[in-house]
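Colleague: Since the structure of chain A is provided, determine the placement of chain B on it from the hints.
Note that the protein sequences, when read in sequence, are chains A and B. For reference, each letter of the first sequence is one residue, going 5 to 358 in this note's numbering. For reference, each letter of the second sequence is one residue, going 212 to 509 in this note's numbering.
One should not assume that every hint holds.
[What the hints assert, rightly or not] Examples of chain A residues toward chain B, derived with CB under 10 angstroms: (1) Asn-72; (2) Gln-85; (3) Tyr-87; (4) Phe-90; (5) Phe-101; (6) Leu-103; (7) Arg-149; (8) Ala-152.
I should point out that these hints are in silico values taken from the structure, not numbers from a laboratory. Glycine included, C-beta positions come from ideal geometry on N, C-alpha and C.
Letter by letter, the chains look like this.
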Amino acid sequence: MSVLVKNLVKKFGAFGAVNGASFEIKEGDLAALLGPSGAGKSTILRVIAGLEKPDSGLVQLDGVDASNLSPQKRGVGFVFQNYALFKHMTIANNIAFGLAVRKTPKKETEDRVKELLNLVKLEGYGNHYPSQLSGGQRQRVALARALAPRPKVMLLDEPFGALDAQVRQELREWIRRLHDEVHVTSIFVTHDQEEALEISDRIVVLNKGLVEQIGTPKELYDHPATAFVASFIGPVNMLRGEAARGMATVGGGMKFELPGSGSQTDGSVAVFIRPYDFDLSRSRNAGASVQAKIQRVMTIGGNVKLNLSLNDGHTIEVQVGRDYFETLLVGPGDDVWVTPKVVKVFSQEGEAKS
Amino acid sequence: MITPFSRMKAFAAEPTVGKSTVYPQLRRVRNSGRPNLARGVLIAIVLIYVTALIVVPVMALFPKAFSNGIGASWDAITSINALLALRLTFILAVAAVVVNTIFGIVLAMVMVRQNFWGKRFVNGIIDLPFVVSPVIVGFMFLVLFGRGGWLAPTADFIGIKVAFSWPGMMLATIFVSLPFVCRELMPVLKEMGIEHEQAAYTLGATRWQTFWRVTLPGVRRALLYGITLTFARAMGEFGAILIVGGAIAGKTETSTLFIFRSLDNRQYVAAYSTALILALISFVVLASLELVKRKQRE
Chain A
5 MSVLVKNLVK
15 KFGAFGAVNG
25 ASFEIKEGDL
35 AALLGPSGAG
45 KSTILRVIAG
55 LEKPDSGLVQ
65 LDGVDASNLS
75 PQKRGVGFVF
85 QNYALFKHMT
95 IANNIAFGLA
105 VRKTPKKETE
115 DRVKELLNLV
125 KLEGYGNHYP
135 SQLSGGQRQR
145 VALARALAPR
155 PKVMLLDEPF
165 GALDAQVRQE
175 LREWIRRLHD
185 EVHVTSIFVT
195 HDQEEALEIS
205 DRIVVLNKGL
215 VEQIGTPKEL
225 YDHPATAFVA
235 SFIGPVNMLR
245 GEAARGMATV
255 GGGMKFELPG
265 SGSQTDGSVA
275 VFIRPYDFDL
285 SRSRNAGASV
295 QAKIQRVMTI
305 GGNVKLNLSL
315 NDGHTIEVQV
325 GRDYFETLLV
335 GPGDDVWVTP
345 KVVKVFSQEG
355 EAKS
Chain B
212 MITPFSRMKA
222 FAAEPTVGKS
232 TVYPQLRRVR
242 NSGRPNLARG
252 VLIAIVLIYV
262 TALIVVPVMA
272 LFPKAFSNGI
282 GASWDAITSI
292 NALLALRLTF
302 ILAVAAVVVN
312 TIFGIVLAMV
322 MVRQNFWGKR
332 FVNGIIDLPF
342 VVSPVIVGFM
352 FLVLFGRGGW
362 LAPTADFIGI
372 KVAFSWPGMM
382 LATIFVSLPF
392 VCRELMPVLK
402 EMGIEHEQAA
412 YTLGATRWQT
422 FWRVTLPGVR
432 RALLYGITLT
442 FARAMGEFGA
452 ILIVGGAIAG
462 KTETSTLFIF
472 RSLDNRQYVA
482 AYSTALILAL
492 ISFVVLASLE
502 LVKRKQRE
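Chain A extracted, bound-state conformation (with noise of 0.2 angstroms):
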């Protein structure tokens, strides 16, 4: 099933949690919505589960109109954060849960409880209780019961969140598994770009309630729409400044000259660099190349990891092959040249400039 959300509107009291989103996601895919926190994900999944009733705009599911339909009727399974595991029922009780209320024959709750058991990976568990089970286990049950009444949606909010860094590692690309085994459109709330840029299809990037882009990991990654999203997306250095005549001028004196130069404005600009996007030489070997002194030096397996500081005091990250490096000769204290490779540029707006 298909989930349009068009300029919603949420407001909780003067506090805007959403403010005019609007996003599609396509049937079978599994989709994130990430943002900082206060950027109005929870309230939109909310808003699409039913359980809160926005103050303007439209949900429709497979292209008809959600918003006077009740929880109950639009066919959505909900994993809250804290998963909300009914305590005073068995394991396979609370999976059954949606299958018992619509009055399913015994037969055939049975044989869903058995089978979602097994597909989470919780065979045997069905007479335990829920506080019998670690976190991870929990959050699998929440999944399990969730799936169980086959919804067309599945809305899951910070599945993570509440998991230790090992549990959430192995969960999420557990997920991803689960999400091409049973193949039902999904969105996850998440506030951790990794976890999205990870296991989902498409991300929708949030920001103060609004939508700032929509896209394949990739896509933002290598084409962040606004500053927000270059900033959130990925590690990136980024440096404020002045553009004027195809140059940019950023961190008091120091210039870049701009790739693709010519079709920006001038203006004041905020530049964006990942870390692996410079080159670094011991001399100066390009008009936008700039002097650094290397404070930190950090070996991560085949790489090297460099703290710059540029001669305004501005710190950079740069990041480098290890094997390169070493062929550099230099250390703490040395100066270097570094030659931005690819550059984003944003009007101080936030729109793309280059």
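Modeller: Only chain B this time, still in chain A's reference frame:
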């Protein structure tokens, strides 16, 4: 006006339930690494306290109740007035439980989930039955429904005699035991939040199904506890129903009133035996509560 015996029963009912229900973790405290002496003294204090205030008075009932032999005791508690009194006690207690359970659940849900003008006022007023003396409660109902009372014409119109009759006693009993269920449920409901219910909705459950399958089972312990307290309080009521009912033997006399009258008439065997019966009923109620709890814990 509380006889020594009804007071005894009240003690027997309340502290024991309180400790074992609300603080199941007490058991674990035993190995908390306190110095042995301090721990021993604390335990001794608790044992002496409980023995002096609960066990001794209850035990004292036994010899007195059977001082003329078991036959005499049996005759005393199966006399027509004793049985009628016991029956009325039961009817009043069950009525109080039924009404205050339903009303208490509704009240607790509204107080926890809804915001409305005057909520704080209502919240304060719920405790009124705890702080107003039962005698005054009985008097209030008498003034309301007695000769020339505000509600007397209404009661007459409907055809119910409230003052000096069991409907008045029922009202008084319900009144004095009103806060228990509500006050037990409110903190538990608050802590539970609404997420479980929302989860049930997304799984297709109607509000009614959600209430019966999710909300109520989620608070069942507190509810059971509240019901037990309501029942115990209603059974032990004396002052309010004495005033509003008038204690007419065989008509508006409950077991506590029967004990009081028996003492007055120096019929000690009847008084002690009935007191023992009431204490026994309280004990059975407590024991069954404990049993249900233990079964749930498995």
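Colleague: Could you run down the list of hints and mark each one as holding or not?
Modeller: Status of the hints after comparison with the structure:
1. With 10 angstroms as the threshold, the beta carbon of Asn-72/A stays out of range of chain B, its nearest partner Cβ sitting at about 15 angstroms, so the hint is violated.
2. With a cut of 10 angstroms, the hint placing Gln-85/A at the interface with chain B holds, because the nearest CB-to-CB distance is about 9 angstroms.
3. The criterion of a C-beta within 10 angstroms of any C-beta in chain B is met by Tyr-87/A, whose closest approach is roughly 9 angstroms, and the hint holds.
4. Look at Phe-90/A: its Cβ gets to within about 6 angstroms of chain B, closer than 10 angstroms, so that hint holds up.
5. Against a cut-off of 10 angstroms between C-beta atoms, the interface hint on Phe-101/A holds, since the closest Cβ of chain B lies about 5 angstroms away.
6. Taking 10 angstroms as the C-beta contact cut-off toward chain B, the hint placing Leu-103/A at the interface holds, the least distance being around 9 angstroms.
7. Annotation: interface hint on Arg-149/A holds; nearest CB of chain B at approximately 7 angstroms, less than 10 angstroms.
8. Satisfaction of the interface hint for Ala-152/A is found here, the shortest Cβ-Cβ separation to chain B being roughly 8 angstroms, below the 10 angstroms cut-off.
Hint compliance for this structure: hint 1 alone is broken.
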